[in-house]
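Asker: Residue-level listing of the chains:
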Amino acid sequence: MYNYLEYGSSGDSRGVVEDQEKYDQFMARIEAGEKIEADDWMPEDYRQGLIKLISMHGISEIMGALPEKEWTPKAPTLKRKLGIMAKVQDEMGHGQLLLRVAEDLMKPYGKDRGDIIEDMLSGDLKFHNVFHMPTKTWADAGMVGWLVDGAAIISQTNMLDASYGPYQRALQRICQEEVFHAQHGEAIIMALAEGTDYQREILQESLNRWWPSLLMFFGPASAETTGSSKQDIMIKYKIRKSSNEELRQAFLDKYLPRVFSLDLTVPDETVHYDEEKEQWVYQQPDWNEFKQIIKNKGPRSKERLRLREIAYENNRWVRQALAADKVGS
Amino acid sequence: MTEVLTAEEAKKDAAYLTALKELIYQLADDDFLISFRGSEWLGLAPHIEEDVAFSSITQNTMGHAFMFYQLLEDLGEGEIDMLAHERHPSVRRNGIYLEKKNGEGNYLEEPYYDWALTVVRNFLYETFKKVKLEAITKSSYKPLANIAGKVLMEQPYHLAHWKIWMKQLLNSTEEARERIEARLNEAWEEFGDVLEYGTQATEIEHFGLIIGEDELKERWINEVSKTIENLPSTPIGKKYGSGREGEHTEDLDQALNTLSEVYMSDKEAIW
Ligand SMILES: [Fe+2]
Ligand SMILES: [Fe+2]
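Those protein sequences? They're chains Y and W, same order as listed.
In terms of the numbering used here, the first sequence is residues 1 to 329.
In terms of the numbering used here, the second sequence is residues 1001 to 1271.
Think of the hints as simulated: they come from the structure by calculation, not from any bench.
Treat the hints loosely; a few may be bogus.
What the hints assert, rightly or not - Dumping the calculated DSBU-like pairs for lysine-lysine here, alpha-carbon to alpha-carbon at most 35 Å:
(1) Y:K111 to W:K1163
(2) Y:K79 to W:K1011
(3) W:K1163 to W:K1101
To be verified - Residues of chain W placed beyond 10 Å of chain Y at every Cβ, according to the derived structure:
(4) A1007
(5) K1011
(6) L1117
(7) G1208
(8) T1249
Claimed, not checked - Just so you have them, the derived chain Y footprint on chain W, three or more residues with Cβ under 8 Å:
(9) 1034 to 1041
(10) 1262 to 1271
Note that the structure is predicted; figures quoted are calculated from it, not measured.
A virtual CB, placed ideally from N, CA and C, is assigned to each residue, including glycine.
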């Protein structure tokens, strides 16, 4: 998963007059831990927030398959080839599951999956910052599984009790699979860490490159950093529990000790644990760069979108044929 | 004919061993190359559901290649990953049609892959695999017959998947039908060597490893025509030669360079 990131325009706000009584009932339900279902009444900003969150999450799963896919045919053994293929397949499956949840929420607007894909290709719908980054070596395939999926687990676990039932149930399933992804990534990393000089070299180089993106993964600590942040409303509506910074701290807590135990370093000499404040102190990544990346101005944004665009355009005749077949039968 | 129950037993008869290895290399390399081409499609299929389904077929097929390479390892040919990643093109035994690129471009850049080629190729190949493996379940080499039985448990789902695609695309738009028919005509010019056993054909049949080439071919045509009413009327050709005899195209070089890039980057390494 892919934590909620700012989405650019505020989407189509319909200026719906909120019914106070319904709103109070709705809030009472989610306060009581009840789940909201697709056909239940919900406030407009709840629906719109969810559409953005879930469609972003969905396309991030799909775009997230691309960096690893770059190394799938090249994986160094038959077992690794099989493992990474299964992993990429899972991510596509997550995308499929989530787009269905988003589609149900979009029904009142007469929109569907095609609109999501087109919004992504036009740049209106953002995908997660990590998936704009290049993969340069096989170590990156391991790094994505180990730390990107590791970060995803932390961020998704934070929403496992989300107030919106269909999303919450999708996350339950996704999280179960993510555990295998992290294990798959860790296995690749361990082989490199215990391997030849060359293997250790590409491993450290990969971690150095991914480090800022991993810090950025959880989003800015507050709205001041990048101008806006939707984390507060997501907490109010009980979609998520913790703040961006709390999640990042949880990530550092879990993974920095593992990084150091493998005799690896991170490219930040100041990083240390502050015993008094009980938190990690680290150098902030460049949040201006973050803003650029999620505007599709990252190092591989254009190329990855281009792949999706080609797949979409190039297979148009197939979709047309399937549509015709449906009508005919 | 006598049954051969173990690798050790097979190794005692040099002529038998040579014929047996030849046949298994063909099975392993066929599955490996077509599943490699499948792996290049990841993330690019016509829709997400297909991406997931195709990927699971590809994984199964590569799993089958793994089992066949394992048989070769047991016969003393060397370790599985070496067999898959290191062998020179001239000793590869896959049919040439199976190494053919998915279309224009490559999987990393401008992949103008052709779904019609993929549907036709996989349909023809899975049909072929079905008849070949069914024949092999009666092979004199028991370990191979057992693997064939195992593979045949998964394989009907694969074949069914591609049959549905063939029928759908042949019965929908004019464009889809034309694209499929064009690829079918092309396949007819190239599929010939897939149906053959290469230089050891006589011995392979003689030792009861599988039925003869002519019978296999007949069963295949029979099976294919259950799905396609109007098969091309021309004889099946071998436009680029015979992969069974180690003849290959540049497309195989591209495949091998890609699939072995990391493996070759450090041969001391354990990955
Ligand atoms: Fe995922
Ligand atoms: Fe994952």
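Asker: Against each hint, give a clear statement of whether it holds in the structure.
Answerer: Hints and how they fare:
1. Y:K111 to W:K1163: This hinted pair holds, its Cα atoms lying about 32 Å apart.
2. Y:K79 to W:K1011: holds, 27 Å
3. W:K1163 to W:K1101: holds, 21 Å
4. A1007: holds, 20 Å
5. K1011: Nearest chain Y Cβ is 24 Å from K1011 (chain W), so the label holds.
6. L1117: Consistent with the label, L1117 (chain W) stays out of reach of chain Y, its closest Cβ about 12 Å off (over 10 Å).
7. G1208: holds, 30 Å
8. T1249: Holds: least Cβ distance 18 Å, greater than 10 Å.
9. 1034 to 1041: holds (count 3)
10. 1262 to 1271: Our answer is that it holds, as 8 residues pass the Cβ test (under 8 Å) against chain Y, meeting three.
The structure is consistent with each of the numbered hints, conforming to all of them.
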